[in-house]
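Q: Okay, here's what each chain looks like letter by letter:
Number of protein chains: 2
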Amino acid sequence: MKKIGIVGGIGWPSTIEYYRHICELSLAYHANINITGPAPMPEILIESLNLNFAVTNRGTSEPGSWDVWDTYFNNALGRLSKGGAELILIAAVTPHARLNEISKGIDVPILSVYEAVGSQCKKQNIKNLLVLGTKPTMTSAAFKDGMHNYGVRAFYPQTEELKTEVLEIIERLYQNKTEGASEAIAKLVFSCVPEEGLILNKTAVCLGCTELSVAFHDLKGESSFVLEGISYLNASVAHAELAFEACVTQ
Amino acid sequence: MKKIGIVGGIGWPSTIEYYRHICELSLAYHANINITGPAPMPEILIESLNLNFAVTNRGTSEPGSWDVWDTYFNNALGRLSKGGAELILIAAVTPHARLNEISKGIDVPILSVYEAVGSQCKKQNIKNLLVLGTKPTMTSAAFKDGMHNYGVRAFYPQTEELKTEVLEIIERLYQNKTEGASEAIAKLVFSCVPEEGLILNKTAVCLGCTELSVAFHDLKGESSFVLEGISYLNASVAHAELAFEACVTQ
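Sequences listed follow chains A and B, in order. Just so we're aligned: the first sequence equals residues 61 to 310 in the working numbering. Just so we're aligned: the second sequence equals residues 61 to 310 in the working numbering.
Looking at chain A on its own, in the form it has when it is part of the complex (with noise of 0.2 Å):
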């Protein structure tokens, strides 16, 4: 198996999360085999970063302003790199932003979110997602640009009413107030797409942030799952599933 490289600590619990399932998935693929020992695990080497800096350095629209946080994101991966790992994640949907700014010099190949999100869609066929996420995420265009180069156009909620409500759903999940919340989620999707158009339009929705598949319980260890006619596609658990894939591809 390829050694995984992950940047973390965007926040802390989302690696968590991929850590998480990249070992399960380990697990279950190692299951019918006839091993010696316990079940082999893919070397993993993080590099958690601390939330603070990032969010603090963060740029503008100012030329130069992003130079110390791309720095910052540049410098894990070529650490990273240095420590042997042979693919690299970042686990947050959030710094994909910048994606080309980061990876400039780093040979090692980065699977983004993007790919992972992008060929879910293809193999389900899905021409629209809707993308539910954190605040840089539903109001910048990287997360759209992502998708088109897989066919889809991804969208956001509409208003800042809507995006608001994304944004505290968010919150409650992440003091773990899970109670209501996979309805409050269905009601926000059906304000912004209109029911028969799921259907006919061929539309997903993309939980673009760890916190939100907290809300799905038993499913939040699913890449892709429907529940009361709206299919979801976890980011974070697809994209979890492309680095495994790979890691044990030759």
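Quick caveat, the hints were computed from the structure, so don't treat them as lab data. Warning: the hint list may mix true and false statements.
Derived DSS-like pairs (lysine-lysine); straight-line CA-CA distance at most 25 Å [unchecked claim]:
1) B:195 to B:63
2) A:164 to B:142
3) A:237 to B:182
4) A:237 to A:262
5) B:142 to A:62
6) B:142 to A:63
7) A:187 to A:247
8) B:142 to B:62
9) B:262 to B:183
10) A:62 to A:142
11) B:142 to B:280
12) A:247 to A:204
13) A:142 to B:62
14) B:63 to A:63
15) B:195 to B:237
16) B:204 to B:187
17) B:237 to A:280
18) B:262 to B:223
19) B:164 to B:204
20) B:164 to A:142
21) A:142 to B:142
22) A:262 to A:247
23) A:280 to B:204
24) B:223 to B:280
25) B:280 to A:142
Chain A is fixed; fit chain B onto it per the hints.
A: Leaving out everything else, chain B in the frame of chain A:
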């Protein structure tokens, strides 16, 4: 904050607990400090190893039989050092048995689980310590030797039957079967130590592997607690606390 290095994957659920503890300690530490942005986190570098490789390359009493195993851990420690770690933990009790061998040539301080448990014993004036853990832990002299430096007499369940009981409890907890587990541990403790001896001889019980702490639900995040007359020390929580203290100490 100093950068923390962790040798993980032995096994992976334990690595998650160490990482989570350290992040939660940083949250608590910064809770009442006026800071812009989310709570600062130490940078954490995790080398998660392949448990199968480690287990299948365990040595015997033959000279040289541990060479492959020792090199595997020594290389991981070396990569943590090169990756900028300023202090290192091994997130498992078992590999500590060969700490001298695997730390050769590593110039970054390695904070051992013995140091963590030993200094907790000193703080609480504990003189005797019943250590419950995996088979290698309960059959090697390493934990006893480690505690000796702190003036603590460590001992294991005295008979094969009692040791087997511990391993059966761990096995059930590994499958997340927690019902009745803390009672089973208490019963076992009283089979190893007469009830009155616990207080008279200043005896505590060391939860010497991560699974055991799962039995104690809400208390599993505490480095020490008293339940039904038994003083418990949680080795991995104490270890994570020691690391975080060192991380914020200049």
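Q: Run every hint past the structure and note whether it holds.
A: The hints, checked one at a time:
Taken as a hint, the residue 195 of chain B and residue 63 of chain B pair is broken in the structure, with Cα atoms around 32 Å apart against an allowance of 25 Å. For the hint pairing residue 164 of chain A with residue 142 of chain B, the CA-to-CA distance comes to about 21 Å; that is within 25 Å, so the pair holds. Under the criterion of a C-alpha separation no larger than 25 Å, the hint pairing residue 237 of chain A with residue 182 of chain B is inconsistent with the structure, at around 40 Å. Using a Cα cut-off of 25 Å, the hinted pair residue 237 of chain A and residue 262 of chain A is violated, with the two alpha carbons roughly 31 Å apart.
Distance check on the hinted pair: residue 142 of chain B and residue 62 of chain A sit about 21 Å apart at the alpha-carbon level, within 25 Å; holds. Using a Cα cut-off of 25 Å, the hinted pair residue 142 of chain B and residue 63 of chain A holds, with the two alpha carbons roughly 17 Å apart. Among the hinted pairs, residue 187 of chain A with residue 247 of chain A is consistent with the structure: their alpha-carbon atoms are about 21 Å apart, no more than 25 Å. In summary, the hint linking residue 142 of chain B to residue 62 of chain B is supported, as the alpha carbons are separated by about 14 Å, within the 25 Å threshold.
A threshold of 25 Å between alpha carbons decides the hint, and for residue 262 of chain B with residue 183 of chain B the separation of about 12 Å falls inside it, so the pair holds. For a cut-off of 25 Å, the pair hint linking residue 62 of chain A to residue 142 of chain A stands: about 14 Å separates their Cα positions. Of the pairs offered as hints, the one joining residue 142 of chain B and residue 280 of chain B is violated, with about 33 Å between alpha carbons and a cut-off of 25 Å exceeded. Between residue 247 of chain A and residue 204 of chain A the alpha-carbon distance is near 23 Å, which keeps this suggested pair within the 25 Å criterion.
Among the hinted pairs, residue 142 of chain A with residue 62 of chain B is consistent with the structure: their alpha-carbon atoms are about 21 Å apart, no more than 25 Å. Proposed proximity of residue 63 of chain B and residue 63 of chain A is supported: the alpha carbons are some 22 Å apart, at most 25 Å. At most 25 Å may separate the alpha-carbon atoms for a hinted pair to count; residue 195 of chain B and residue 237 of chain B meet this at roughly 20 Å. Between the alpha carbons of residue 204 of chain B and residue 187 of chain B the distance comes to roughly 12 Å, so the proposed pair stays at or under 25 Å and holds.
As the CA atoms of residue 237 of chain B and residue 280 of chain A are separated by approximately 21 Å, the hinted pair is consistent with the 25 Å bound. With a C-alpha separation of about 22 Å, the suggested pair residue 262 of chain B and residue 223 of chain B falls inside the 25 Å cut-off, and the hint holds. For the given pair, residue 164 of chain B sits about 22 Å from residue 204 of chain B by alpha-carbon distance, which is consistent with the 25 Å threshold. For the suggested pair residue 164 of chain B and residue 142 of chain A, the alpha carbons sit about 21 Å apart, so the restraint of at most 25 Å is met.
At most 25 Å may separate the alpha-carbon atoms for a hinted pair to count; residue 142 of chain A and residue 142 of chain B meet this at roughly 9 Å. Taking the CA atoms of residue 262 of chain A and residue 247 of chain A, the gap is about 18 Å. The hint holds against a cut of 25 Å. The hinted pair formed by residue 280 of chain A and residue 204 of chain B fails the criterion: a straight-line CA distance of about 43 Å is larger than 25 Å. For the proposed pair residue 223 of chain B and residue 280 of chain B, the alpha carbon gap of about 22 Å is at most 25 Å, so the pair holds.
The suggested pairing of residue 280 of chain B with residue 142 of chain A is violated, with an alpha-carbon distance near 36 Å, which exceeds 25 Å.
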